[in-house]
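Protein sequences appear in the order of chains A and B. Per my numbering, the very first residue in the first sequence carries number 1; after that it's consecutive. Per my numbering, the very first residue in the second sequence carries number 1; after that it's consecutive.
If you are wondering where the hints come from, they were derived from the structure by calculation, not from laboratory data. Quick caveat: nothing in here was measured; it's all calculated off a predicted structure. There could be a bad hint or two in this list.
To be verified - Distance windows between CB atoms, simulated:
{"hint": "1", "chain 1": "A", "residue 1": "Pro171", "chain 2": "B", "residue 2": "Ser103", "range": "28 to 38 Å"}
{"hint": "2", "chain 1": "A", "residue 1": "Gly201", "chain 2": "B", "residue 2": "Pro38", "range": "45 to 55 Å"}
{"hint": "3", "chain 1": "B", "residue 1": "Gly110", "chain 2": "A", "residue 2": "Pro6", "range": "13 to 23 Å"}
{"hint": "4", "chain 1": "B", "residue 1": "Arg58", "chain 2": "A", "residue 2": "Gly111", "range": "45 to 55 Å"}
{"hint": "5", "chain 1": "B", "residue 1": "Leu85", "chain 2": "A", "residue 2": "Ile173", "range": "22 to 32 Å"}
{"hint": "6", "chain 1": "B", "residue 1": "Gly56", "chain 2": "A", "residue 2": "Asn24", "range": "34 to 44 Å"}
{"hint": "7", "chain 1": "A", "residue 1": "Glu75", "chain 2": "B", "residue 2": "Lys107", "range": "37 to 47 Å"}
Said to hold, decoys possible - With a Cα cut of at most 27 Å, we get these calculated DSSO-like pairs of lysine-lysine:
{"hint": "8", "chain 1": "B", "residue 1": "Lys107", "chain 2": "A", "residue 2": "Lys151"}
{"hint": "9", "chain 1": "A", "residue 1": "Lys151", "chain 2": "B", "residue 2": "Lys50"}
{"hint": "10", "chain 1": "B", "residue 1": "Lys93", "chain 2": "B", "residue 2": "Lys107"}
For glycine and all other residues, C-beta sits at the position ideal for the given N, C-alpha and C.
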Amino acid sequence: MTLMVPVLRDITEANSLLADSLRNTFRRHSVLVLDIIASPGAGKTTLLERTVAALGSELRLRVIEGDPTTSLDAERIVAAGAPAVQINTGAGCHLEAAMIQAALDQMDITGADVVIIENVGNLMCPTGWDLGEDCKVVVASLPEGDDKPLKYPMAFAAAQAAVINKVDLEPYIPARAARLRHNALAINPDLAVFEVSCLTGQGLAAWFDWIRAQLERKRAARQA
Amino acid sequence: MHEMSVTQGVLNMALEHAQGRRITDIYLQVGRLSPVVPTSVELFFDYLSKGTLAEGARLHFEIAPIEMTCTECGRQADLSEWADLAPQLVMVKAFERGCACGSKRLKVTGGVAFGLVSLNVEDDPRDA
């Protein structure tokens with residue numbers, strides 16, 4: 001004789017609950033948290049190096065680096081001037097809230113202004129796991145093709161900002177920054193889009209301003 | 001590749017709710033946009049459930065459709081004409097078309113979850 005047992009629970013609920021608790025921790029510390037999503041090689045770490053170098057004197061930045069293996073990225077961030085913790089996911093294709101919790105055990109965020117999480121290079125899986133962040137930021141580099149938003153709509157729909165990197169290569173390749181921007185906005189009209197080159201520094205000022213504005217917004221909302 | 005840990009999550013949750021009884025069937029709901037591939041879950045389940053009360057249980061997947069809602073008028077988009085397309089394409093087409101009210105601001109409001117709906121367990125009458 002069999003008996004039906006109703007359950008009705010989400011399999012990833014443990015992650016969602018932990019992400020909510022992280023969000024509370026971040027709110028208590030008044031710290032802005034960004035989750036950077038991109039394919040491998042889009043330029044996430046270089047964008048963070050540039051950001052740390054530019055904003056390091058006015059904002060206290062902390063970085064959590066997710067990679068399958070090696071601590072090369074965290075070393076780059078530390079060299080650029082910000083405390084960083086490396087998470088190695090092994091075969092894991094995305095970061096989960098428990099990994100962020102573990103990173104916070106190794107890194108004090110007291111007094112920090114912004115925590116930037118660099119997710120594992122992957123445009124699909126990271127969109128499915130809440131890390132307690134305020135904003136997801138998708139980085140797409142122009143040489144990857146200007147049709148990225150059409151192939152990976154979830155990443156662009158879930159993000160608040162899109163950084164189009166390597167626009168200095170536009171004269172040498174068929175992809176067009178304007179088309180990438182158009183495709184990204186077709187998926188998410190509210191996206192803040194930045195066309196940048198982390199190599200030449202072109203366009204990065206607007207991205208830095210966006211981070212400042214997000215931090216201000218979060219702090220204003222907290223005081224309200 | 002994350003189906004192994006997701007499947008372990010299914011197994012743990014099912015065993016918790018079975019409360020020591022043998023599980024014969026597990027009913028799961030998978031959103032078309034959820035980052036989970038049912039055939040991989042089945043594969044890992046066979047492996048992970050060995051030696052547990054869920055060994056041999058049948059997995060049943062109910063596929064939940066994508067839901068997109070206009071953030072301006074609250075209307076749910078009718079996506080039925082694209083039911084046969086890949087989920088990413090459905091999203092792109094829906095965003096392209098926008099809402100009947102003229103807005104292009106749509107939000108994915110369903111079809112992303114992966115949930116355990118119910119279980120069938122063997123009810124041993126000797127326990128009654």
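Violated hints - listed by number, lowest first: Hint 9 is the one this structure does not satisfy, whereas the remaining hints hold.
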